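> Each chain, letter by letter, is given below.
There are 2 protein chains.
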Amino acid sequence: MYPVITISREFGSGGHSIGMAVAEKLGIPFLDSKIVEEVAKESGFAKEYVKEQDEMATYPELFITSNIFSTNYLDTPQEQIQQLQSEYIIEQAKKGPCVIAGRCADYVLENAGIPALNVFIHASMEYRKKRVLEVYGETDVKIEKRIEKKDKGRKSYYRYYTDRKFGDAKNYALCLNSGILGIDKCIDFIIDVAENFEE
Amino acid sequence: MYPVITISREFGSGGHSIGMAVAEKLGIPFLDSKIVEEVAKESGFAKEYVKEQDEMATYPELFITSNIFSTNYLDTPQEQIQQLQSEYIIEQAKKGPCVIAGRCADYVLENAGIPALNVFIHASMEYRKKRVLEVYGETDVKIEKRIEKKDKGRKSYYRYYTDRKFGDAKNYALCLNSGILGIDKCIDFIIDVAENFEE
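In the order they appear, the protein sequences are chains G and B. Letter by letter, the first sequence follows residues 4 to 202 in this note's numbering. Letter by letter, the second sequence follows residues 4 to 202 in this note's numbering.
Hints are not guaranteed to be accurate.
As the list makes no split between identical chains, a pair holds if one copy fits it or if it spans any two.
[What the hints assert, rightly or not] Mimicking EDC-like on lysine to aspartate or glutamate, the simulated pairs with C-alpha atoms at most 16 Å apart in a straight line are:
| hint | residue 1 | residue 2 |
| --- | --- | --- |
| 1 | LYS188 | GLU201 |
| 2 | LYS153 | GLU55 |
| 3 | LYS37 | GLU90 |
| 4 | LYS173 | GLU137 |
| 5 | LYS158 | ASP171 |
For the record, the hints were derived by calculation from the structure and aren't laboratory data. Note that the coordinates shown come from a computational prediction; the quantities given were computed from them, not determined experimentally.
Next up, chain G with everything else stripped away, as it sits in the complex (with noise of 0.2 Å):
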C-alpha cells in the first residue's frame, strides 16, 4: 500500500495542486481544506481563519501573572491550532495512506512514530510570480511582495513548531523545483516513489 504522503510548499510553486493530482491518481485522500473544517468546528475559529495560520508569522506567548510568584502560560490561539491540527492529521493517517499539503505534518507525523513519504515543492522566484498571478490574479499588493510575505510566514510558522529549517534537503525524501521540471514531472516522480516506497 501506499504511504503517507506529506506536500510541504513554496507558495505559488504549485505544490497545493501536485499534491491534489498525486491523490486523485494514487485513489487516496487530499487532507487540506477538511482539515480546515474540522479543525474550526473543534475549535470554534473561523475557517478563514484557521486556513490561513500555517502561512502566519507565529507571535510570543500571551501570559497572565497572577502574583508575584507564579506566571501561567496560555496557549495563543494559534498554538491551539495547530495542536488540534496534528491530532486530526495522527487520527487520518493511521487510518491509512493519504495526502496532507502543509501544517508540519511531516514534523508531526515523525514525532507520532507514523512513516511518511515527505516532499519539498519550491521553484524561483520568477517562476512563482508568473504561476500566482494565473492562478489568484492581481491584487493591490504587489505580487512579490505578496510571495515574500506568505515565505516568511511558512518559514517562521515550522520553525517555530519543528525547531527545524523550512526547505532543509535532510528532512525530504524528495524536493523538487516545480519550476525547472514541471507539475507534471514533479507529480510522476512522487506516483513513482510513493510505489516502491519501503520503511
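Given chain G, work out where chain B should sit, using these hints.
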C-alpha cells in the same frame, strides 16, 4: 543536448557513484579525478592534498603586515586550489555537457552564467554508516566520527566559497534521499530530468 550536471552530496550517500553512472549512461565525461590531476599539475600541490580540499574546513587567511599603513592578504593554499578548480570547471563546462561532483560547481557555474542541472544527494546517518563500511571498510576511527567530520568539512567549505547553506533545497533542481529512493532510482530521475532540461 544534455546540460552540465552538478552533483553535491553528503559523504556516504552514494552521490559519487550516482554521478559516475549518470555520466556513463548519457555518454558524457565525469569530472572528478580529472579535476584533481589538472589542478595538481597547475598548482604544484600534491594530488592527495588537492583531492581532499573540498572536505576540509576553511581557516583564516594568512596575512603579512608590511607596514602600519598596509596589510597584504595572501590566498591560502585552499583558496588557490578553489580558484584553479573553478577556472577548470568553467573551461570544461563551456566545452559541452559533463557531470561534476562537489567543488561548489553549482555556484561556480551559476556565477559564470552557465546553465546547469544542480542535484543534491543525501541520506540518513544510518544508511550512510552501512554504505561507508561496505565501500571503504573499517578504520581505527569510528565510522560515525568519520562521517561527521566529512559532513562538517563539506558544509564549511561550501559555506566559505558560496555564502550559501549546503543542502538548502532552493539551490538545486532535485534533492534526493538515496537511502529512501535507492541508488538506481536516483540515477533514473537525474537522467529523466537531464533529457528534458530547458534553461
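> For a quick check of understanding: which of the numbered hints are violated here, in increasing order?
Of the numbered hints given earlier, the structure breaks just one, which is hint 4.
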